[in-house]
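Engineer: If you read the protein sequences in the order shown, they are chains D and H.
As numbered in my numbering, residues 260 to 339 make up the first sequence, in order.
As numbered in my numbering, residues 17 to 106 make up the second sequence, in order.
Please keep in mind that the hints were generated in silico from the structure rather than gathered at the bench.
Take the hints with a grain of salt, since some may be wrong.
Said to hold, decoys possible - FRET-style restraints, in silico, Cβ to Cβ: (1) H:L24 - D:V313: 16 to 26 Å; (2) H:Q97 - D:A339: 41 to 51 Å; (3) D:I288 - H:P75: 19 to 29 Å; (4) D:I288 - H:Q85: 33 to 43 Å; (5) D:L276 - H:D101: 46 to 56 Å; (6) H:Q97 - D:I274: 16 to 26 Å; (7) D:A339 - H:L38: 35 to 45 Å; (8) D:I274 - H:L37: 26 to 36 Å; (9) H:F74 - D:F322: 33 to 43 Å; (10) H:Q85 - D:L276: 17 to 27 Å.
Backbone N, C-alpha and C define an ideal beta-carbon position, used for all residues, glycine too.
One-letter residues, chain by chain:
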Amino acid sequence: MELADKAVGFLLSYISLSIFTYYTFWVIILPFVNNDHFIHRYFLPQEYAILIPVFAGMVLLCFLCIFIGYVMLKSKKKKA
Amino acid sequence: MKHIVKILTLLVAISALWIGLLQTSIIPRSHTWLLPIYFIVSLGCYGLLMVGVGLMQFPTCPQEAVLLQQDIAEAKDFLKQKGVDVGGCD
């Protein structure tokens, strides 16, 4: 049982560290690199560095609103 | 009330710092525009990292689990003798 917990914890920390390093590279280091360096092929164009977090934030907000609305509707139906 | 005031002053200080950075352009301009989003993303990453690390270091105490099961069995026997229904939850 604790092995499953450890595996999930390790997976979560690995995902967070990889997202952090990729994003740091993308936003901070890449603008200083020459445009014909090979590393630019591994990274999307710079506009996506802003679009993807904003889009993810919007999706999270929508999901929260839908969830709250659903719970409220269910409780109201149970009371009636 | 004091907690919200503290958080608001922190936010105002950070935005003042950011506007100051924009005006004096110590860092190149494009970087300064991206800084707030970068900090939000890194804050989310940090939270996820703390959750993962906490999961990995969770202490389990197997001996306490065995003692707890013994306590539960004892309590069930006692209550069954007294006539209380201990058939588990539904």
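Engineer: Quick one: are H:L24 and D:V313 within 16 to 26 Å, going by C-beta?
Structural biologist: For D:V313 against H:L24, whose Cβ atoms are near 24 Å apart, the range 16 to 26 Å holds.
Engineer: Has the hinted range 17 to 27 Å been met by the Cβ atoms of H:Q85 and D:L276?
Structural biologist: 38 Å, violated
Engineer: Verify the CB-CB distance for D:I274 and H:L37 against the hinted window 26 to 36 Å.
Structural biologist: 31 Å, holds
Engineer: Is the hinted range of 33 to 43 Å satisfied by the C-beta distance from D:I288 to H:Q85?
Structural biologist: At 54 Å between Cβs, range violated.
Engineer: Is the hinted range of 33 to 43 Å satisfied by the C-beta distance from H:F74 to D:F322?
Structural biologist: Because 28 Å falls outside the window, the suggested range is violated.
Engineer: Does the Cβ pair H:Q97, D:A339 satisfy 41 to 51 Å?
Structural biologist: Holds, since H:Q97 and D:A339 (Cβ atoms, about 45 Å apart) stay within the stated range.
Engineer: Lying within 16 to 26 Å: is that true of the beta-carbon distance H:Q97 to D:I274?
Structural biologist: 52 Å, violated
Engineer: Are D:I288 and H:P75 spaced within 19 to 29 Å by their CB atoms?
Structural biologist: 39 Å, violated
Engineer: Range first: 46 to 56 Å. Now tell me if the beta carbons of D:L276 and H:D101 are that far apart.
Structural biologist: 51 Å, holds
Engineer: Quick check on a hinted range of 35 to 45 Å for D:A339 and H:L38, using CB atoms only.
Structural biologist: For H:L38 against D:A339, whose Cβ atoms are near 54 Å apart, the range 35 to 45 Å is violated.
When the structure is compared with the earlier hints, violations turn up for hints 3, 4, 6, 7, 9 and 10 and for no others.
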